[in-house]
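Asker: Here's the letter readout for the chains.
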Amino acid sequence: MYGGWADLVGGASQAMEVAMSVNRRSLGVGFLALAMGTAPAWAQCTRVVFSANPDYPPYHWAEGDRIVGASVALTGRILDELGVAWQARFVGPWPRVLKSAEFGEIDLVVSLKPTPEREAYLEFTRNPAFPNPMAVFVARARPLRFDAPEDLVGRRGGRTVGDRFGDVFDRYAEKHLTLEDAESLDVNYQKLAAGRVDYVVTGLYTGRAHLVRSGLADRIVALPRPVNEGTIHHGFSRRSPCSALVAAVDAKLAAAHRSGLAARLLEEALQQWQRSAAKGARP
Amino acid sequence: MRRVPLAGRLAVRQALSSALLALALGIGFSALQVTRDFTETTAAEQREIAQVLAVLREPAVQAAYQLSEPAAEVVVQGALSFTQVIEARLRNDFGETLAHRRKDVAAPPADVWWARFVEPTNAYTLPLEYGAAKKRVGELRVITSQGPRVEHFLQGVWRELGLSILRSLIIVLALSVLFYGTLTRPLTAIARRIRSGPATPGEPDDAARAQTDRQDEIGEIASAFERYEREARERTLSLEASAAALAASEARYRRVVETALEGVWQIDAQGRTTLANEAMAQMLGTTAAEMVGRPLFDFMDDEGRQAAAQLLRRRLGGSSERHEFRFVRADGSELWAELSTCPITGPDGQIAGALAMVTDATERRRRNEELRAGNAQLRAMVGNLERHSHDMAQIAELNELLQSARSEPEAFDVIRSAGQRLFAEGSGGLSITGHDGEMVRVGQWGTPAWVPPHFSRGDCWAIRRGGPHVQAPERGVKCMHHPGDPIGNLVCTPLYVDGALLGVLHTADGGSGAPRDETLRQRIEIFGEVIKLGLSNLRLRESLREQALRDALTGLPNRRLFDETLPRELARSSRSGHALTLASIDVDKFKQFNDTHGHDVGDRVLRWMANTLTHSIRSGDMACRYGGDEFLCLLVDMSAEEARERFERLMVEARSDLDPELGARVGRVGFTVGLASAPDCATDAAALLRAADAALYAAKARGGRCVEVAAPQAVVEIAVGH
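Quick note, the sequences are listed as chains X and E, same order.
Residue numbers for the first sequence follow my numbering, beginning at 1 and rising by one.
Residue numbers for the second sequence follow my numbering, beginning at 1 and rising by one.
Keep in mind that a hint or two might mislead.
[Said to hold, decoys possible] Below, simulated DSSO-like cross-link-like pairs (lysine-lysine); rule was C-alpha separation at most 27 Å, straight line:
id	chain 1	residue 1	chain 2	residue 2
1	E	K700	E	K591
2	X	K99	X	K113
3	E	K478	E	K532
4	E	K135	X	K99
5	X	K99	E	K134
6	X	K175	X	K191
[Said to hold, decoys possible] Here are a few chain E residues that sit away from chain X, every Cβ distance over 12 Å (derived from the structure):
id	residue
7	A44
8	P148
9	V177
10	I194
11	A241
12	A251
13	L371
14	E408
15	G446
16	P486
17	G499
18	E525
19	N537
20	R702
[Said to hold, decoys possible] Here are a few chain E residues that sit away from chain X, every Cβ distance over 12 Å (derived from the structure):
id	residue
21	Q14
22	Q33
23	E40
24	D298
25	Q310
26	T362
27	S543
28	P557
29	E564
If you're looking for bench data, these hints aren't it; they were derived computationally from the structure.
Just so it is clear, the structure is predicted and the values come from calculations on it, not from any experiment.
The beta carbon of each residue, even a glycine, is placed where N, CA and C say it ideally should be.
Work out the full structure: start from the sequences and follow the hints.
Answerer: Take a look at the structure:
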């Protein structure tokens with residue numbers, strides 16, 4: 001009696017394993033539907049390898065072959081809570097990170113802006129991981145009043161090549177504003193400090209992080225009103241079995257946002273970035 | 001004079017073949033060189049590309065690592081700046097092409113001929129690895145076109161080939177000139193010398209003559225030819241001499257043929273005469289000129305033609321032989337000829353006809369016939385003699401057998417078997433004279449058996465004529481005993497002994513012999529003589545034996561015969577169990593007759609007694625004169641009492657009729673009988689005789705003229721008393 005029952009159970013699980021090895025991901029989803037409530041939907045995901053832009057402090061930056069920063073801290077905490085092992089891995093420059101996710105070499109790209117192009121190979125969380133507001137930086141010596149984009153008309157602005165600030169602002173800027181593209185944010189800061197431009201538009205937190213390192217923090221400051229309230233989300237590779245985690249991770253992110261954990265972690269990361277910059281540990 | 005085409009000239013051919021050999025070798029070595037050169041250029045290209053890739057490595061690694069298409073584009077452009085490179089492609093490690101560019105040059109057509117031997121393009125791949133960890137980030141692939149290199153290389157090859165051919169042509173020219181001087185000219189001089197024959201005397205062919213002095217192969221050829229020409233001249237002279245000798249010889253042989261005494265006749269394969277000499281023509285009664293062209297068969301009759309056609313075929317088959325043959329002369333008479341023939345072969349080795357040496361054999365053949373006839377006669381004579389000698393042997397044997405025969409039936413058997421042997425081819429028999437004068441057949445032989453068992457003496461002409469009588473089927477008077485059936489010639493021979501006819505010998509030859517065959521006649525005569533002699537001898541011997549056992553006075557068996565007979569009859573009686581009675585008879589008062597009337601009357605009394613006894617006994621009984629006036633009778637299968645009755649009746653009858661004269665002279669003659677029978681009185685001869693004698697004495701004692709029977713008991717007592 002007992003033996004027969006054990007055989008039956010063993011046979012079923014064995015058949016399941018064989019089927020899963022054929023098409024691990026699609027069967028994982030099927031299994032989730034069948035065994036709802038008895039096992040987590042991400043049972044096939046034993047470990048989450050994730051990466052991010054290696055140069056996007058304070059959200060995340062590369063330190064040796066690891067990625068550190070606020071994103072890593074938040075994601076690690078969520079995955080620990082979900083009981084999933086993880087690794088934050090440095091895989092190369094930002095385009096290479098995206099390509100690795102597209103080809104399923106990594107499971108998750110943390111804290112990035114959803115675009116239609118990225119949606120093709122990434123499944124984004126509905127709730128943002130972090131706020132990523134765009135801000136207007138000005139020289140302390142030449143302050144500027146900014147309530148609406150019209151306030152910037154007639155002034156010279158700076159922008160890092162390839163940056164976008166939301167469709168509304170981008171369209172307005174194209175018609176009415178004068179924005180000079182520079183190679184990097186550092187160049188823009190140098191130009192702002194030198195008075196060659198009146199303002200620089202960039203991400204609030206990343207801008208602050210760069211200021212810390214550039215040594216211009218006492219001369220340049222961000223205006224309190226953001227250009228827009230941008231957000232960044234987590235995107236799971238559609239080729240990874242760990243994409244089943246997206247709902248669970250989404251819920252945790254919402255909770256972290258509500259509890260203010262995300263904002264706190266950002267502030268901590270800024271401090272960490274500052275420390276590492278002071279030590280010159282950054283590669 | 002035959003013109004040798006330029007291409008056929010020895011010098012040109014030699015030069016061409018040398019040049020071709022040189023060209024082939026040149027091309028062979030050039031091909032080796034070309035292969036090596038091509039391998040070197042390939043290696044050089046590889047080295048160049050390796051250098052290019054070394055220069056491009058770092059930018060390519062960066063572009064692949066950064067996944068930067070602009071940077072990749074720069075690298076690909078750089079690669080294409082090298083002339084050999086027609087295509088370059090940079091890929092990242094995800095398999096995506098970051099940059100790809102192809103030169104817009106005319107690619108060599110895919111079906112260009114050298115593409116079968118060399119790949120039209122070469123591909124080189126450089127793996128891209130980033131950083132100290134050698135992380136693979138992509139690969140750079142460049143493709144070079146082989147076209148320009150191969151085309152350039154081929155130009156060199158064509159140039160080299162052209163030069164080779166030019167070199168060969170120069171070699172051809174040089175060698176042609178050289179060979180013309182060293183080979184063609186001397187050989188042409190020799191050839192001209194051979195073609196045009198020896199130069200006119202006094203104007204020697206210097207060019208050719210000079211060649212004989214050379215110390216090489218051409219010199220050898222020239223010398224050999226000079227020698228050959230000299231020998232040929234000598235041979236021609238010798239042949240002419242032979243032809244003359246042959247003509248003389250032929251004339252001589254023709255004379256021999258024409259004057260030969262034997263006929264010579266030659267025919268072709270169809271049998272037509274191609275040659276005949278006068279002797280042959282004379283034999284056939286014609287002339288030689290007329291014979292030529294006529295077929296052999298004209299001189300034969302039909303039978304001869306068939307035989308001749310067969311012979312001719314055999315002759316054409318190729319054998320030689322001698323045989324005799326019959327021809328018909330022109331005047332129709334017969335010619336026997338002996339032919340010795342042999343086949344003649346034509347120039348092609350086939351049989352073309354036949355040659356015959358003919359000798360007239362007519363005369364010899366006639367002599368041979370005569371000789372053969374004489375020989376046959378002689379052989380017949382010898383045969384007759386042999387036959388006669390054989391007959392004599394048979395007859396001598398017959399004579400011997402007849403002398404040994406003990407009775408006439410035995411003798412007749414001997415005669416019959418001898419007749420069968422002597423006259424085996426015919427039939428016959430012997431008849432002898434019987435008691436009543438009739439002829440009785442005693443033996444016959446052969447078939448058919450025709451001699452009648454009896455015939456009268458008067459029926460036979462031989463007996464009537466007193467000599468042999470011959471009766472041929474169509475001739476001569478036939479005897480009455482002739483059967484009338486065909487039995488051939490019949491001879492009846494009467495056999496007379498001392499003027500008395502003994503018998504007749506009949507012999508018929510079955511129709512095989514001549515009527516007057518002397519040998520047969522002699523044989524019959526001798527056979528008859530022997531039969532006469534043998535049979536009369538036998539009869540003489542029988543008569544002598546008779547005389548020894550009979551009493552001469554009475555003709556009765558004498559005492560000797562009786563003594564032989566009595567034990568035999570006793571033994572038979574004891575075997576059969578029948579009685580045997582012995583009678584002892586004595587004439588009463590015989591001494592008185594003798595003394596009173598003389599011995600003559602005494603003899604008549606004894607003869608009367610004998611006749612009386614002879615007439616009274618049965619045929620199986622026996623009466624004999626035992627001595628003096630005592631007679632004995634042996635009565636078989638008769639008891640004593642029967643005998644007593646028989647004798648007592650005889651005494652009463654007293655047969656005076658047997659000698660009436662005696663009765664008249666002496667009156668009645670009486671006799672006394674004593675009887676004893678076996679086995680009652682005795683079982684042996686002497687005892688029985690004594691018993692009979694005792695009974696006789698007893699009867700005498702009673703006064704005679706009575707019959708006394710010996711008593712059995714008395715006999716037993718007497719026997720016991722003995």
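Asker: Per the stated criterion, does the least C-beta distance between E/R702 and chain X lie above 12 Å, as a non-interface residue requires?
Answerer: At roughly 167 Å from the nearest Cβ of chain X, E/R702 sits farther out than 12 Å, so the non-interface label holds.
Asker: Sort out whether X/K113 lies within 27 Å of X/K99, counting only the CA atoms.
Answerer: 15 Å, holds
Asker: Taking the shortest Cβ-to-Cβ distance between E/V177 and chain X, state whether it exceeds 12 Å.
Answerer: 82 Å, holds
Asker: May I ask you to check that E/A44 keeps its beta-carbon over 12 Å from the closest beta-carbon of chain X?
Answerer: E/A44 clear of chain X: closest Cβ-Cβ about 38 Å, beyond 12 Å.
Asker: Determine whether the non-interface label on E/S543 survives the test: each CB of chain X must be over 12 Å from its CB.
Answerer: Given a closest Cβ separation of 155 Å, the condition holds.
Asker: Please settle this one: E/Q310 was flagged as non-interface, so is its CB more than 12 Å from every CB on chain X?
Answerer: It holds; E/Q310 is separated from chain X by about 111 Å at its closest Cβ, greater than 12 Å.
Asker: Just checking, E/E564 versus chain X, shortest CB gap more than 12 Å?
Answerer: Correct as stated: the minimum Cβ-Cβ distance to chain X is 147 Å, above 12 Å.
Asker: Taking the minimum C-beta separation from E/A241 to chain X, is that value above 12 Å?
Answerer: 119 Å, holds
Asker: Can you confirm whether the C-alpha distance between X/K99 and E/K134 stays at or below 27 Å?
Answerer: 19 Å, holds
Asker: A cut-off of 12 Å on Cβ-Cβ distance, and E/T362 was said to be off the interface with chain X. Does that hold?
Answerer: 133 Å, holds
Asker: Is the nearest Cβ of chain X still more than 12 Å from the Cβ of E/E525?
Answerer: 149 Å, holds
Asker: Mind verifying the non-interface call on E/G446? Its CB should be farther than 12 Å from each CB in chain X.
Answerer: 133 Å, holds
Checked against the numbered hints given earlier, this structure breaks none of them.
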